[in-house]
Amino acid sequence: MNVFKRSWDLDIVAAGSLGVCRFDDFQRTLGISRKVLSERLKWLTGAGILERRKYQNAPDRYEYLLTEKGRGLLPVLAAMKQWEERWGQ
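For what it's worth, the UniProt record's numbering labels the leading residue of the sequence shown as 1, then goes sequentially.
Just so you know, not all the hints are guaranteed correct.
Quick list of the computed label-pair ranges, beta carbon to beta carbon [claimed, not checked]:
(1) M80 <-> G19: 11 to 21 Å
(2) G88 <-> Q56: 32 to 42 Å
(3) T67 <-> Q89: 32 to 42 Å
(4) Q56 <-> W83: 31 to 41 Å
(5) G88 <-> N57: 27 to 37 Å
(6) A78 <-> A58: 14 to 24 Å
(7) E84 <-> S33: 32 to 42 Å
(8) G31 <-> L74: 18 to 28 Å
(9) Y55 <-> W87: 33 to 43 Å
Listed below are the simulated DSSO-like cross-link pairs for lysine-lysine, each with C-alpha atoms no more than 27 Å apart in a straight line [to be verified]:
(10) K42 <-> K81
(11) K42 <-> K69
(12) K35 <-> K54
(13) K69 <-> K35
(14) K69 <-> K81
(15) K42 <-> K54
(16) K69 <-> K54
Note that these hints are calculated values from the structure, not bench results.
Here the structure is a predicted model, which means the values were calculated and not measured.
Built from N, CA and C at the ideal position, the CB exists for glycine as well.
Starting from the given sequences, assemble the full structure and let the hints guide the process.
Put into structure tokens, the structure is as follows:
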């Protein structure tokens, strides 16, 4: 199973684990284009890694929160970070 289909997926999950949950905040934090961010959030939501939850009406605004499945990836992200700190250049 290939959980992460595109390069931004890991970055989005990592940002979500640090409390980033709104579209504009993801965009600002990651420096990702609106189009790519929208595509990746839709995919991660469909994969059950993120949950899309409305927080405002008129206009409708949503936040994206890690699901239990998404939180299950956090030890993997931590291990990858440790590996990068030790072996990365």
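Verification of the hints:
1. M80 <-> G19: 11 to 21 Å: 19 Å, holds
2. G88 <-> Q56: 32 to 42 Å: At roughly 39 Å between Cβ atoms, Q56 and G88 fall inside 32 to 42 Å, so the hint holds.
3. T67 <-> Q89: 32 to 42 Å: 34 Å, holds
4. Q56 <-> W83: 31 to 41 Å: 39 Å, holds
5. G88 <-> N57: 27 to 37 Å: For N57 against G88, whose Cβ atoms are near 44 Å apart, the range 27 to 37 Å is violated.
6. A78 <-> A58: 14 to 24 Å: 40 Å, violated
7. E84 <-> S33: 32 to 42 Å: 25 Å, violated
8. G31 <-> L74: 18 to 28 Å: 22 Å, holds
9. Y55 <-> W87: 33 to 43 Å: Because 40 Å falls inside the window, the suggested range holds.
10. K42 <-> K81: With Cα atoms ~25 Å apart, K42 and K81 stay inside 27 Å; holds.
11. K42 <-> K69: Holds - the C-alpha atoms of K69 and K42 are around 16 Å apart, at most 27 Å.
12. K35 <-> K54: Within the cut-off at roughly 20 Å; holds.
13. K69 <-> K35: This hinted pair holds, its Cα atoms lying about 25 Å apart.
14. K69 <-> K81: 19 Å, holds
15. K42 <-> K54: Distance ~14 Å between K42 and K54 Cα, so the pair holds.
16. K69 <-> K54: Measuring from Cα to Cα gives roughly 20 Å; hence the hint holds.
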